[in-house]
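Residue numbers (the numbering used here), protein chains in the order written: chain A, 1 to 497; chain B, 1 to 286.
Treat the hints as calculated values from the structure; they're not laboratory data.
Ideal Cβ placement from N, Cα and C applies to all residues, glycine included.
Take these hints with a grain of salt, some might be off.
Here are the simulated distance ranges between beta carbons [claimed, not checked]:
| no. | chain 1 | residue 1 | chain 2 | residue 2 | range |
| --- | --- | --- | --- | --- | --- |
| 1 | B | Arg151 | A | Pro397 | 41 to 49 angstroms |
| 2 | B | Thr21 | A | Gly366 | 40 to 48 angstroms |
| 3 | A | Ala251 | B | Gly37 | 53 to 61 angstroms |
| 4 | A | Glu244 | B | Arg218 | 50 to 58 angstroms |
| 5 | B | Glu180 | A | Val316 | 54 to 62 angstroms |
| 6 | A | Asp351 | B | Pro194 | 39 to 47 angstroms |
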Amino acid sequence: MHPRSYRPLAAPKCAAAPDTQGLTEGPLVTRAHNGRRQVVAASNAAAQALGIRPGMPLAEAEARLPGLVVHEAAPLADQAALEALGAWCLRYTPLLAAPAEAGLLLDVTGCAHLWGGEAALLANLLSELQAAGYVARAALAGTPGAAWALARFAQNSSIVPAGEEPAALAALPLAALRLPPDMVQGLALLGLERISQLADMPRASLTRRFGTAPHRALDAALQGEPITPWLPEAVLRQRASFLEPLLTAEALAIAIQRLVAALCDELARIDRGARILDVHFERVDGSVQSLRVGTAKPSRAPLHLARMLCEKLDTVAPGFGIEAMRLVVPLAEPLRAQQSGVAFGEAPPGDIAALVDRLSNRLGEGRVFRMAPTPSDVPERSARRVPPLTAPPAGWPLDWPRPVRVFTPPFPVEAIAALPDGPPAAFTWQRQRRRIRRADGPERIAGEWWRHEAETTALRDYWQVEDEAGRRYWLFRRGDGQDAATGDLRWFLHGLF
Amino acid sequence: MPQPSPRLADPVAALRARIATLERGGLAPAHGPHPFGHPALDAALPQGGLARGALHEAAGRGPEVEHGTAAALFIAGCMARLGGPILWAMERCDLFAPGLAMAGLPPDRLLYAEAGRTEAVLQVMEEGLREPALAGVVGEVTGRLSLSASRRLSLAAERGGGLAFILRRSRRPDDPALEEPCSAHTRWRVAALPSAPPLRRVPGLARARWRLELVRARGAEPGEWDVEACNATGHLGVVANIIDRSAGAGASATTVAELEYEYEPEPEYAPALIPPAGRTKMRRRA
Numbered sequence: 001m002h003p004r005s006y007r008p009l010a011a012p013k014c015a016a017a018p019d020t021q022g023l024t025e026g027p028l029v030t031r032a033h034n035g036r037r038q039v040v041a042a043s044n045a046a047a048q049a050l051g052i053r054p055g056m057p058l059a060e061a062e063a064r065l066p067g068l069v070v071h072e073a074a075p076l077a078d079q080a081a082l083e084a085l086g087a088w089c090l091r092y093t094p095l096l097a098a099p100a101e102a103g104l105l106l107d108v109t110g111c112a113h114l115w116g117g118e119a120a121l122l123a124n125l126l127s128e129l130q131a132a133g134y135v136a137r138a139a140l141a142g143t144p145g146a147a148w149a150l151a152r153f154a155q156n157s158s159i160v161p162a163g164e165e166p167a168a169l170a171a172l173p174l175a176a177l178r179l180p181p182d183m184v185q186g187l188a189l190l191g192l193e194r195i196s197q198l199a200d201m202p203r204a205s206l207t208r209r210f211g212t213a214p215h216r217a218l219d220a221a222l223q224g225e226p227i228t229p230w231l232p233e234a235v236l237r238q239r240a241s242f243l244e245p246l247l248t249a250e251a252l253a254i255a256i257q258r259l260v261a262a263l264c265d266e267l268a269r270i271d272r273g274a275r276i277l278d279v280h281f282e283r284v285d286g287s288v289q290s291l292r293v294g295t296a297k298p299s300r301a302p303l304h305l306a307r308m309l310c311e312k313l314d315t316v317a318p319g320f321g322i323e324a325m326r327l328v329v330p331l332a333e334p335l336r337a338q339q340s341g342v343a344f345g346e347a348p349p350g351d352i353a354a355l356v357d358r359l360s361n362r363l364g365e366g367r368v369f370r371m372a373p374t375p376s377d378v379p380e381r382s383a384r385r386v387p388p389l390t391a392p393p394a395g396w397p398l399d400w401p402r403p404v405r406v407f408t409p410p411f412p413v414e415a416i417a418a419l420p421d422g423p424p425a426a427f428t429w430q431r432q433r434r435r436i437r438r439a440d441g442p443e444r445i446a447g448e449w450w451r452h453e454a455e456t457t458a459l460r461d462y463w464q465v466e467d468e469a470g471r472r473y474w475l476f477r478r479g480d481g482q483d484a485a486t487g488d489l490r491w492f493l494h495g496l497f
Numbered sequence: 001m002p003q004p005s006p007r008l009a010d011p012v013a014a015l016r017a018r019i020a021t022l023e024r025g026g027l028a029p030a031h032g033p034h035p036f037g038h039p040a041l042d043a044a045l046p047q048g049g050l051a052r053g054a055l056h057e058a059a060g061r062g063p064e065v066e067h068g069t070a071a072a073l074f075i076a077g078c079m080a081r082l083g084g085p086i087l088w089a090m091e092r093c094d095l096f097a098p099g100l101a102m103a104g105l106p107p108d109r110l111l112y113a114e115a116g117r118t119e120a121v122l123q124v125m126e127e128g129l130r131e132p133a134l135a136g137v138v139g140e141v142t143g144r145l146s147l148s149a150s151r152r153l154s155l156a157a158e159r160g161g162g163l164a165f166i167l168r169r170s171r172r173p174d175d176p177a178l179e180e181p182c183s184a185h186t187r188w189r190v191a192a193l194p195s196a197p198p199l200r201r202v203p204g205l206a207r208a209r210w211r212l213e214l215v216r217a218r219g220a221e222p223g224e225w226d227v228e229a230c231n232a233t234g235h236l237g238v239v240a241n242i243i244d245r246s247a248g249a250g251a252s253a254t255t256v257a258e259l260e261y262e263y264e265p266e267p268e269y270a271p272a273l274i275p276p277a278g279r280t281k282m283r284r285r286a
């Protein structure tokens, strides 16, 4: 009988930080404070090869290896990364202890056969972690304590058959029992260094000196202890499976409405609104089709969300039918109930967020926008697109004429003008010569030297001109007409009034 | 035209209201008109302004139909006077937001939707017209617009109550597709006119002028007006050619008189571009 298998995996060297920037190239340590001393919090393989171990004073480590690369330890980021890794490990088993101490504890009882056996599961896990850039060790044993000890202190990754934990643990040091360090030192003074020595000692004599802690730890490692299941921050989801596969858009729409209504109740309970909503359609043939909609503001309005999803239904090919649907909220944000500050008898202020969502989902990301002023005098840089629900800052200065339509890029034209600063007398655009009756300018706009080297001396002279029919154009000439460094004197049509 | 007597006026007004209700299919309550604030224009339109909850159309004239800049500014001015958020849908955005801000549409009131195709522009307009939070919807349509598409938009506008404007554009000057029937409540053509000379001795440009043509209007006669372009609050100006007129004739009908600067240039200084304030005299010419 093999009741439970625990598979802790430990990455004792560099916590759980993926090695993405070649951090393991040379000796590297992270630094933390232990009281008033600076100590090595963690060290990589190259540093450990030189004898630099966690807990060593930083000064000593630097004395051993001048030029040692030292980074600040980030325990919170380490913990967050470990939790992300724990959430990823839920693919192997649904039962996982809270990630702590640079290790994860997975209860894979009854899950191993899905991966083709315990050895195959372990190999898959280790190769996936290695591919992701983690240094990891794993062990599989019948009790959490034994697995914890073997993953950290055994020579190589191992699987302990049921009932053989005492033999597997016998040679390991007492620190493998998760005893406090001073107790381990106290036991070492008595000559107790290995687990087998502790197991052989009469319990009564040790209890008088150290209390019951050593033997309780030993019993836990050999006979097992409960683990508290841990779940990553709840991902909201709803699932519906159907007796008969669904084929028509109408049926799918009804299913979506029901799922969304249930999901919105759940969102309301935790005061959140969805920002991104995914629907996965599981087809009879085993493939999955997905739809995604986003909202500009967190929302839990069932009608609105269902309508956005249903609008995209025509992109779903049901094949031989859809037998199940999953609704997942990958991104939810706080959304509290709000009192609308409306005076009696007044219409409530309009909210265009729902409209923005519908249009963005129909047209695509970034196709619904506002234009916001940017502090730049160069016309093409003076306005930029911003998301539609951000409030743009105050507008542009109204002292200078600006056209209502612009050409991007400006349209090269042939123009005649007196140098250095006469208005153009005529220009040719669309193969038509336009004589200029009146003009206003020049408005000189200098290049922004802090952006490009080439703009250091560049200039544009802008003219607002009116032709004989009264049409108004926005022309500019590159250069001031005197200094060749400011531009090549070519004329461009930039906009129309 | 003689003024109808008060006794007759009431039944006529009642009949007009009844016909307006019948035209709407008894659906929505009548929304108030949106006046131009230009006496001649408002007098020519049956409700004293553009009807809200209705579709209107504007386009350029001649070669101006390609970009329709004057028409775009005309629409921007109408929307600016309306207040509230505006949705502007087009196939590809070539609008310049600072220019629209000068016609009275600041960036926080204007929402752009780049739809890519004409059909998508119409869909976006319809979606926007259904949204009660929007005060107005503008759509730029290049080329042909079928009667049923415009009727769809008219119905959506009637239901929503917002002001809907469609800006017709075409790559062909004088495109016959722009003259095809359309269910718009009013159809406007906006063409540029040579502007008035700037203030004497001051270089620059005076306010632009447009010839505003009402090609078709439900319940009104077509007409033609010369106006001054929209100002920073979206109001059209009255063109006052007082100089060309004999003194006295029609002076009371004109609300804005043209002001001219007269100043004597300083002999010892080079002539300044802007008249020095101390020596400027503003005089009303009549």
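Evaluation of the provided hints:
no., hint, result
1, Arg151(B) x Pro397(A): 41 to 49 angstroms, "43 angstroms, holds"
2, Thr21(B) x Gly366(A): 40 to 48 angstroms, "44 angstroms, holds"
3, Ala251(A) x Gly37(B): 53 to 61 angstroms, "55 angstroms, holds"
4, Glu244(A) x Arg218(B): 50 to 58 angstroms, "53 angstroms, holds"
5, Glu180(B) x Val316(A): 54 to 62 angstroms, "38 angstroms, violated"
6, Asp351(A) x Pro194(B): 39 to 47 angstroms, "46 angstroms, holds"
Violated hints amount to a single one, hint 5; each of the other numbered hints is respected by the structure.
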